[in-house]
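Novice: Protein chains in written order, with numbering that gives the first Met the number 0: chain X, 0 to 110; chain G, 0 to 118; chain U, 0 to 250.
Read the hints as simulated data drawn from the structure, not as lab findings.
Keep in mind the model is a prediction, meaning the values are calculated, not measured.
Among these hints, one or two may not hold up.
[What the hints assert, rightly or not] Simulated restraints on C-beta separations: (1) Arg27/X to Ala190/U: 53 to 59 Å; (2) Leu163/U to Ala34/X: 46 to 52 Å; (3) Val21/U to Val14/X: 17 to 23 Å.
Each residue gets a CB set at the ideal place from its N, CA and C atoms; glycine is no exception.
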Amino acid sequence: MSDWTLGLLLVLTAVTATAVVLTRNPGRQAMVLSAYGLMLAMTMVALSAPDVALSQIGVGTAAVPLIVVLAIARCERHTQREAPRGTHRPEDDARDGDRGRSAPDDGGRGR
Amino acid sequence: MLSWLPYAVAGWIFLVGCYGLVTSRHLVHTVVCLNVVQSSTYLLLLAVGWTRGGTAPIFGDIGRSRAVADPLVQAMTLTDIVVGAAVTALLLALTIQIAKRRGTVDPRALRSFEQESEE
Amino acid sequence: MRARLTVLLAGAAMLVLAVVGVRALIHLPGAGDVAHPYGARAVAAAFHHATANAVMSVTLDQRGFDTLGEEFVLLAAAVGTVLLLRELTAEREEEAAHTYGPEDVFEAVRLAGYVLLPVTLLVGGYVVVHGHLTPGGGFQGGTVLATGLYLAYLAADYRALDRLRPPGVFDAAEGLGAFAYVAVGVGGLLAGSGFLADWLPWGQLGKPLSAGTVPLLNIAIGIEVGSAFVLVVAKFLEQALTVPEQAAEEG
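When you get a sec, could you build the whole thing from the sequences and use the hints?
Specialist: Shown next, in the form of structure tokens:
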């Protein structure tokens with residue numbers, strides 16, 4: 000692994016980490032976090048740590064963003080009326096849409 | 000330059016993560032920023048163990064005399080990653096509980112631990 | 000006002016931290032330029048026990064007791080998450096909600112899920128059992144197995160996932176994995192050496208059956224970590240799909 004490759008990867012890692020922090024919308028942040036995890040894993044390979052990189056890909060790129068997305072899905076349901084500034088504020092009809100979807104459940108099941 | 004760049008990047012990621020923690024307006028964002036702060040320790044540990052011109056400490060197909068990175072810090076980083084994931088899962092579970100009980104996930108709207116009856 | 004004060008205080012603290020950090024890091028030896036005395040000893044010990052992957056030798060053989068503690072951290076966190084996210088009486092599961100997720104999925108994604116599911120499980124298993132030879136091991140393979148399982152949710156639907164992931168089995172498997180790790184450690188006591196000593200025959204470096212207890216411990220950790228992640232993600236998925244009663248009643 001040539002030195003400048005490692006340097007480039009390190010700089011890109013720092014940039015992606017900054018992007019994760021500056022992405023204020025948690026839903027989008029989960030995707031950026033996943034990209035950051037991948038970037039970090041590549042830097043780890045460059046630092047000759049393939050074991051750690053494998054672990055980072057499994058945990059930091061897949062598992063953690065997955066539970067982050069699921070947690071956001073749950074939180075948004077409880078905070079729709081007073082969504083804090085900077086977060087995606089679902090329209091009020093989103094909640095009605097949810098209920099609308101669950102109402103004709105026979106149609107859904109009959110599929 | 001490479002002798003200090005990994006440390007500088009680790010320090011930068013730590014500070015950027017701290018900045019995110021302080022200015023966060025959404026608890027899930029806060030937890031992810033904490034995750035970023037923790038990821039700076041992975042880089043610091045691996046940078047300490049890195050050997051210039053060396054290779055990975057896995058001797059399936061290389062000789063014993065090859066220069067390798069320090070396996071000790073790599074094992075520590077493995078532990079770090081798993082513990083970090085466990086902490087993240089636990090904090091997100093707590094965030095969901097806060098959203099359920101308080102109806103908000105804005106840290107600035109959460110002043111006390113009392114139920115929302117105070118309003 | 001209060002928020003600005005918080006940011007100001009935190010900024011001052013971070014400034015101090017940055018200055019102290021720079022002063023501390025300046026005195027570290029340059030990255031990549033120094034010899035690693037501990038690393039050299041760890042590599043020598045790994046060769047002594049015929050473990051090709053020196054990282055796994057450190058994790059499971061030389062520092063096996065620390066890893067036991069780490070495993071219980073994960074166990075405790077998984078139990079805590081499951082406990083925090085348990086279903087309360089005020090909530091009920093919306094049956095119809097469990098079918099809608101996959102309906103929003105593109106056919107191509109669904110196909111990819113079907114194709115990748117067996118491949119991912121196979122790769123996960125491979126990574127676990129070859130941990131002492133190649134990069135990988137119980138932690139890495141366990142997470143691959145666990146996240147791979149959730150491809151079933153993309154490929155089919157929640158019910159198919161439930162069949163693949165019968166409730167109760169992973170609860171038991173997680174405990175079993177933790178128990179197996181301790182049992183291998185106690186085997187060391189019975190064999191006449193110490194707890195978590197590498198008491199099985201070491202074999203020849205690079206052969207599938209080598210490194211003594213390391214492959215066994217990897218499999219135990221693979222089961223434990225895989226089940227822990229399956230349980231945690233299952234709880235979060237359940238939370239995301241469960242409709243709280245208040246929201247259903249409002250309006």
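Novice: When the hints from earlier in the document are held up against this structure, which numbers fail?
Specialist: 2
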